[in-house]
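Novice: Single-letter residue listing:
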Amino acid sequence: MSDNSETAIFMQYIRNFCIIAHIDHGKSTLADRLLETTGTITSRDLIVNQVLDDMALEQERGITIKLHAIQMKYQHTDGHEYTLNLIDTPGHVDFTYEVSRSLNACEGAILVVDATQGVEAQTISNLYLAVEAGLEIIPVVNKVDLASAMVDTVSQGIVDLLGCELSDIIPASAKSGIGIQEILAAVVERVPPPQGDSTAPLQALIFDSVFDPYRGAIVYLRVVAGTLKEGDRIMFMNNGKVFEAEEAGVLLMKKRRTGALTAGDVGYMIAGVKDVADTNVGDTITHADRPAAEPLPGYKVVKPMVFSGLYPTASEQYEELRDALAKLKLNDSSILYEPETSVALGFGFRCGFLGLLHMEIVQERLEREFNQTIINTVPNVEYVVVAKESLNRLVIDNPSLMPELGKIDHIEEPFITAQIITPAEYLGSIMKLCMDRRGVYMNTTYIDPTRADVHYEMPLSEIIFDFYDKLKSISRGYASLDYDFKEYRESDLVKLDILLNGEPVDALSSIVHRGKSYDWGRRLCSKLKTLIPRQMFEVVIQAAIGNKVIARDVVKAMRKNVIAKCYGGDISRKRKLLEKQKEGKKRMKQVGNVEIPQEAFLAVLSMEQ
Amino acid sequence: MPGLYVHVPFCETKCVYCDFYSVEGMDREAAFLTRCVEEIDRRGDALQAKETFTSVFFGGGTPSLLRAEQLGALLSALRRNFTVAEDAETTVECNPGTVTRGKLEDYRALGVNRLSFGVQSFHDDDLRFLSRIHTAREAEDGIALAREAGFENVNLDLMFSLPGQTPARWLHNLERARALGTTHLSCYSLTVEKGTPLAVMVERGEVRTASEDSDAQLYELTMDTLASWGFAQYEVSNYALEGYACRHNLTYWRHEDYLGFGPSAHSTWKRRRSWNVSSIRAWAEQIAAGGDAFSGGEDLTDAMLRAEHISLRLRSEGIRRSVFQKMFGSDIVDDNPALLRQCEASGLLEISDDFVRLTRKGMLVCEEICLGLT
Numbered sequence: 001m002s003d004n005s006e007t008a009i010f011m012q013y014i015r016n017f018c019i020i021a022h023i024d025h026g027k028s029t030l031a032d033r034l035l036e037t038t039g040t041i042t043s044r045d046l047i048v049n050q051v052l053d054d055m056a057l058e059q060e061r062g063i064t065i066k067l068h069a070i071q072m073k074y075q076h077t078d079g080h081e082y083t084l085n086l087i088d089t090p091g092h093v094d095f096t097y098e099v100s101r102s103l104n105a106c107e108g109a110i111l112v113v114d115a116t117q118g119v120e121a122q123t124i125s126n127l128y129l130a131v132e133a134g135l136e137i138i139p140v141v142n143k144v145d146l147a148s149a150m151v152d153t154v155s156q157g158i159v160d161l162l163g164c165e166l167s168d169i170i171p172a173s174a175k176s177g178i179g180i181q182e183i184l185a186a187v188v189e190r191v192p193p194p195q196g197d198s199t200a201p202l203q204a205l206i207f208d209s210v211f212d213p214y215r216g217a218i219v220y221l222r223v224v225a226g227t228l229k230e231g232d233r234i235m236f237m238n239n240g241k242v243f244e245a246e247e248a249g250v251l252l253m254k255k256r257r258t259g260a261l262t263a264g265d266v267g268y269m270i271a272g273v274k275d276v277a278d279t280n281v282g283d284t285i286t287h288a289d290r291p292a293a294e295p296l297p298g299y300k301v302v303k304p305m306v307f308s309g310l311y312p313t314a315s316e317q318y319e320e321l322r323d324a325l326a327k328l329k330l331n332d333s334s335i336l337y338e339p340e341t342s343v344a345l346g347f348g349f350r351c352g353f354l355g356l357l358h359m360e361i362v363q364e365r366l367e368r369e370f371n372q373t374i375i376n377t378v379p380n381v382e383y384v385v386v387a388k389e390s391l392n393r394l395v396i397d398n399p400s401l402m403p404e405l406g407k408i409d410h411i412e413e414p415f416i417t418a419q420i421i422t423p424a425e426y427l428g429s430i431m432k433l434c435m436d437r438r439g440v441y442m443n444t445t446y447i448d449p450t451r452a453d454v455h456y457e458m459p460l461s462e463i464i465f466d467f468y469d470k471l472k473s474i475s476r477g478y479a480s481l482d483y484d485f486k487e488y489r490e491s492d493l494v495k496l497d498i499l500l501n502g503e504p505v506d507a508l509s510s511i512v513h514r515g516k517s518y519d520w521g522r523r524l525c526s527k528l529k530t531l532i533p534r535q536m537f538e539v540v541i542q543a544a545i546g547n548k549v550i551a552r553d554v555v556k557a558m559r560k561n562v563i564a565k566c567y568g569g570d571i572s573r574k575r576k577l578l579e580k581q582k583e584g585k586k587r588m589k590q591v592g593n594v595e596i597p598q599e600a601f602l603a604v605l606s607m608e609q
Numbered sequence: 610m611p612g613l614y615v616h617v618p619f620c621e622t623k624c625v626y627c628d629f630y631s632v633e634g635m636d637r638e639a640a641f642l643t644r645c646v647e648e649i650d651r652r653g654d655a656l657q658a659k660e661t662f663t664s665v666f667f668g669g670g671t672p673s674l675l676r677a678e679q680l681g682a683l684l685s686a687l688r689r690n691f692t693v694a695e696d697a698e699t700t701v702e703c704n705p706g707t708v709t710r711g712k713l714e715d716y717r718a719l720g721v722n723r724l725s726f727g728v729q730s731f732h733d734d735d736l737r738f739l740s741r742i743h744t745a746r747e748a749e750d751g752i753a754l755a756r757e758a759g760f761e762n763v764n765l766d767l768m769f770s771l772p773g774q775t776p777a778r779w780l781h782n783l784e785r786a787r788a789l790g791t792t793h794l795s796c797y798s799l800t801v802e803k804g805t806p807l808a809v810m811v812e813r814g815e816v817r818t819a820s821e822d823s824d825a826q827l828y829e830l831t832m833d834t835l836a837s838w839g840f841a842q843y844e845v846s847n848y849a850l851e852g853y854a855c856r857h858n859l860t861y862w863r864h865e866d867y868l869g870f871g872p873s874a875h876s877t878w879k880r881r882r883s884w885n886v887s888s889i890r891a892w893a894e895q896i897a898a899g900g901d902a903f904s905g906g907e908d909l910t911d912a913m914l915r916a917e918h919i920s921l922r923l924r925s926e927g928i929r930r931s932v933f934q935k936m937f938g939s940d941i942v943d944d945n946p947a948l949l950r951q952c953e954a955s956g957l958l959e960i961s962d963d964f965v966r967l968t969r970k971g972m973l974v975c976e977e978i979c980l981g982l983t
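Sequences listed follow chains V and F, in order. Anchor point for the first sequence: position 559 equals 559 in our numbering, and the numbering is continuous, going up by one each time. Each number in our numbering comes from the position in the second sequence (counting from 1) with 609 added on.
The reader is advised that the hints may include incorrect statements.
Mimicking DSS-like on lysine-lysine, the simulated pairs with C-alpha atoms at most 30 Å apart in a straight line are [to be verified]:
id	chain 1	residue 1	chain 2	residue 2
1	F	Lys879	V	Lys582
2	V	Lys580	F	Lys659
3	F	Lys935	V	Lys565
4	F	Lys623	V	Lys582
Covered stretches of chain F, as calculated for chain V (at least 3 residues, CB under 8 Å) [to be verified]:
id	region
5	918-930
6	950-962
Here are the in silico distance ranges between beta carbons for each label pair [what the hints assert, rightly or not]:
id	chain 1	residue 1	chain 2	residue 2	range
7	F	Ala898	V	Glu320	27 to 35 Å
8	F	Ala898	V	Glu364	53 to 61 Å
9	F	Arg737	V	Leu577	30 to 38 Å
10	F	Glu802	V	Gly477	41 to 49 Å
These aren't lab readings, by the way, just hints derived from the structure by calculation. In this text, all values refer to a predicted model and were calculated from it rather than measured experimentally. The C-beta atom is built at its ideal place from N, Cα and C for all residues, glycine as well.
With the rest of the complex left out, here is chain V:
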């Protein structure tokens, strides 16, 4: 492909790779060890924590949410120094598309499998993405020094999966430093160097972007063809917007400005882009004056799968919440939000998220980084309501917008293909769980004699609640899940309303399958009963479909709340206590004469199945 010999020589000493691993299988530890061994960082830097996870949230969850990249210099035994670019990938089903873009920035992938756990669905799904992207796979069995390691079984599983030789697998322990040199050598020897013509029209793949309040978007990219220089007029091919490249460089522990990036390089670019939404992952950067004929393949607009209402606890904080969301979106363009109004909660926003985890992350970031106290309503998927007669298709992302029953011809909901990998002994319980969640069985294959790979088609709405937790609990943590959107299908769905003392609370409405609605309503009422505190007056909780009440529960009126003693020395203290309690009440939403605590709006999520 390359006819530029100088670039080809440079490129010969570059390797771009990533690490594919399931959560907790040791990806971060391995990354740290590679950085340490190549002298990119000292072991003292590592004491703080694993380097690739720099968001506090990521560290707590053990999940790499945002992508990063880092460059290392490695002195190989052949006497040459190699530039190794490690590109990090997220490890959760919510972020499959981002993973696929990161993989496209690499030529190779280290597949890390925990010797005590074996291959998991997440790993397989990312592995398939890597194979699809034409990556060279270096299989590594990690944690071989643990007593519970099953190196032979796990290695055999990898051989069956990859069709590789047993001898291709590197036994390692990132923690103890076993196999690290072998892995680095394999990256150089087995991963092909990048190819590409540095004189061709520019094509650079965006695999991530973050927002810097002073510099605007910092775009992380892989140059596939051509050369990007500071001062160049560049264009984002997806939206045609043109900017001037102010700064370009490579990524070490910090950014290092190099002035230019050529085919094969991984690095960053700053171009005064004020809105990260302009720097979409998967988009191609080219020169405005000499554009590439085609963008790089595989770009897609990420669509939110899960929707939920976000409301300020105190209505006067609406503006603050709006500003916080706007700032958050600067960093995370996958969040969608638009204003909405709820009878129960007042002014707020309907937000779209990539998945439930993404929703939780956004909620936590709003609370921690932006100091917002918010009420999060029950998440739901996007439904298509087909109207009678006109057969118009109406897309609904909020149950309270559902038209009257009489006007509906039918309702469609999103289905996904779920892939579950589990030790065979849990297969029966897992299949039962999938059936309970309206799953349609597709097939089962065996990765090895003890591990099954099951496929189901399921409504997405059945996955977003507690499916993953259930799956983990019935398989003692061994089963893993991955899913992909399949299509919209007609389902027998109804809108279930919750009434408190006869008043419908729109924010508590949900769309459920008719066959499950009675059970759902009953459980929701009984959950709400435990979440709504006793108040001065009795609270009657009802679940209803249309005008028909299908379940009922009662929170009895408070029996006693009176301070026994109040004399001269108690008056100030009592007044202050009252003030404090009033503050506490502000965290509740008043609907009619009922005070509803924040947690109640997410009752569905904590419902006993």
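Given the coordinates of chain V, assemble chain F onto it according to the supplied hints.
Specialist: The following block gives chain F in isolation, referenced to the frame of chain V:
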């Protein structure tokens, strides 16, 4: 009209549930008396109060540990610095284990006309649990001595919702109190106060407090039983035969002014509330140094006064709409029409032309209604 309070901070032993300031033993008795007289004199000079005080209350601690001449010295100090009404209600809190007939007769001679006995229970096992220094028998004897000494106006403090207390056991206490001819009863639901040994016992799971339902049941039993015996409930925890309501405590609940002396005592005087330091040593040092012994205070704003007025009035005689209107410029009913009417409809409140008053049922949820109104 205003009242005077003296905090006598000594106890033989501290009770597990009590969070009032006191020290065990009488080591600092002499210093206390000297400094307390000094404090009264100094405040008298500073305030030059023209008002007539209609009550004097010796609380504690255990004021009945004081000998008559000691109590007399404090009373004289109060009378020479403030205008104390001829017929002022003058109360001494007594621990039944600390009184003799002679002492009570001497108290009487000093002008003390009301005694308040901390009895808590007529069951010895309850008394041991509460770490009281007296037995049930001694409590009965103490009250008999009060009668013999000529006291007619006698209050008993009793406590309900003790761990494991049945309605029958509680009723027995009320019956004993009635049989002893008491004119006033304070019946408190056991409250676990922070920092007390009881709080630690509860925290450790050694003591189980009563459930909300059982607490409410005993409270209702108290209200109903005492009402049937002619005791009018004039505050959340206080009941009196006609003419025996405690004048001094009504000062607090009517949101009137009071002056307090001794460690930890509070005063409210002309929209200023201040409180003495809760340490006999620090208090005595500050007084000896020639100043006051306040450790804190606040000027009461209209909003604070309003909140206090509602909360104090609601738990006692009720909010007088005309008085409220005059003080705060609005009608309490107009301020919260929905809540008040709903409470009225549910039988929690009585609303008349001039009063908003809790019903028996409303007393149970007094704080909840306060929260809604303030």
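Novice: Give a verdict on every hint.
Specialist: Verification of the supplied hints:
no. : hint                               : in the structure
1   : Lys879(F) to Lys582(V)             : holds, 27 Å
2   : Lys580(V) to Lys659(F)             : violated, 37 Å
3   : Lys935(F) to Lys565(V)             : holds, 28 Å
4   : Lys623(F) to Lys582(V)             : violated, 34 Å
5   : 918-930                            : holds (count 3)
6   : 950-962                            : holds (count 4)
7   : Ala898(F) to Glu320(V): 27 to 35 Å : violated, 50 Å
8   : Ala898(F) to Glu364(V): 53 to 61 Å : holds, 54 Å
9   : Arg737(F) to Leu577(V): 30 to 38 Å : holds, 32 Å
10  : Glu802(F) to Gly477(V): 41 to 49 Å : holds, 46 Å
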